[in-house]
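In the working numbering, the protein residues as written are 3 to 169.
Hints are not guaranteed to be accurate.
[Unchecked claim] List of simulated lysine-lysine pairs, DSSO-like, C-alpha gap at most 27 Å: (1) Lys79 / Lys28; (2) Lys159 / Lys59; (3) Lys75 / Lys59; (4) Lys75 / Lys121; (5) Lys159 / Lys121; (6) Lys22 / Lys59; (7) Lys121 / Lys37; (8) Lys28 / Lys60; (9) Lys60 / Lys123; (10) Lys28 / Lys42; (11) Lys59 / Lys134; (12) Lys79 / Lys60.
[Said to hold, decoys possible] Quick list of the computed label-pair ranges, beta carbon to beta carbon: (13) Asp158 / Val9: 47 to 55 Å; (14) Ser88 / Leu143: 16 to 24 Å; (15) Asn49 / Met160: 55 to 63 Å; (16) Ile153 / Val9: 50 to 58 Å; (17) His144 / Ser106: 35 to 43 Å; (18) Gly122 / Ser88: 44 to 52 Å.
To be clear, the hints were calculated from the coordinates, so they are not data collected in a lab.
Where a beta carbon is used, it is the ideal one built from N, C-alpha and C, also for glycine.
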Amino acid sequence: MSRDICVHTWPCSYYLELEKRWIPGKLSLTPLSLKFMTDKTGEILVNFPLSSIIEIKKEASHFIFSSITILEKDHVKHWFSSLQPSRNVVFSIIEHFWRELLLSQPGAAVEGSSSPATKGKELTCLMACSQKRLEDTTRVLHHQGEQLDSIARGLDKMESDLDVADR
Numbered sequence: 003m004s005r006d007i008c009v010h011t012w013p014c015s016y017y018l019e020l021e022k023r024w025i026p027g028k029l030s031l032t033p034l035s036l037k038f039m040t041d042k043t044g045e046i047l048v049n050f051p052l053s054s055i056i057e058i059k060k061e062a063s064h065f066i067f068s069s070i071t072i073l074e075k076d077h078v079k080h081w082f083s084s085l086q087p088s089r090n091v092v093f094s095i096i097e098h099f100w101r102e103l104l105l106s107q108p109g110a111a112v113e114g115s116s117s118p119a120t121k122g123k124e125l126t127c128l129m130a131c132s133q134k135r136l137e138d139t140t141r142v143l144h145h146q147g148e149q150l151d152s153i154a155r156g157l158d159k160m161e162s163d164l165d166v167a168d169r
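Using the sequences provided together with the hints, build the complete structure.
Here it is as structure tokens:
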């Protein structure tokens, strides 16, 4: 089976840093790489192996547009926005293939395979990111629990006020 088979393609926009503008196109994922091709000219603006990725994040550009950012080993940051069907779906799929590649066996043929020490650092970074995500989720759930408690207290107060009004 060829490793160049396209897993999925999503319509989206890519932020072109040199021109300071968003370019519409398609983001394509293969088992080993990610590339962005413009709609207008069909030019490939970005094409890099998943093994060169250090970090994948959900971010907001200008605090409005939900985006996915991908940081490569050479510290080049790529911004993708207007993702269809949604940022979360695209993020989950790309992250799945990236993690699978990180966790692949050392004997597997991987583009730009790295040393065990580098893989260890990547896995440690992955664990730290997962821990941070769990901590963030815990804080959000705790805050939501406090909101639900506040709502329950408000409803109890309204119920007691209605009981007084009925008398």
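Here's how the hints hold up against the structure:
Restraint check for lysine 79 and lysine 28: the C-alpha separation of about 18 Å stays at or below 27 Å, so the hint holds. Distance hint between lysine 159 and lysine 59 is unfulfilled; the C-alpha atoms sit about 43 Å from each other, more than 27 Å. Under the criterion of a C-alpha separation no larger than 27 Å, the hint pairing lysine 75 with lysine 59 is consistent with the structure, at around 15 Å. Pair hint lysine 75 plus lysine 121 holds up; C-alpha atoms about 13 Å apart against a cutoff of 27 Å.
Our distance criterion of 27 Å between C-alpha atoms is broken by lysine 159 and lysine 121, whose separation comes to about 57 Å. With a C-alpha separation of about 21 Å, the suggested pairing of lysine 22 with lysine 59 holds against the 27 Å cut-off. Under the criterion of a C-alpha separation no larger than 27 Å, the hint pairing lysine 121 with lysine 37 is consistent with the structure, at around 23 Å. This hinted pair checks out: lysine 28 and lysine 60 have alpha carbons roughly 18 Å apart, not beyond 27 Å.
A threshold of 27 Å between alpha carbons decides the hint, and for lysine 60 with lysine 123 the separation of about 22 Å falls inside it, so the pair holds. Among the hinted pairs, lysine 28 with lysine 42 is consistent with the structure: their alpha-carbon atoms are about 11 Å apart, no more than 27 Å. Our distance criterion of 27 Å between C-alpha atoms is met by lysine 59 and lysine 134, whose separation comes to about 12 Å. Taken as a hint, the lysine 79 and lysine 60 pair is honoured in the structure, with Cα atoms around 13 Å apart against an allowance of 27 Å.
Remark: the range hint 47 to 55 Å for aspartate 158 to valine 9 is upheld by a beta-carbon distance near 52 Å. At roughly 22 Å, the beta carbons of serine 88 and leucine 143 sit within the given window of 16 to 24 Å. Distance hint for asparagine 49 and methionine 160: a CB-CB separation of about 59 Å, consistent with the stated range 55 to 63 Å. Between isoleucine 153 and valine 9 the beta carbon distance is about 43 Å. The supplied range of 50 to 58 Å is therefore violated.
With their beta carbons about 36 Å apart, histidine 144 and serine 106 fall inside the hinted range of 35 to 43 Å. The hinted window of 44 to 52 Å between glycine 122 and serine 88 is violated, with their beta carbons roughly 33 Å apart.
Consistency with the previously given hints fails for numbers 2, 5, 16, 18, ordered from lowest to highest.
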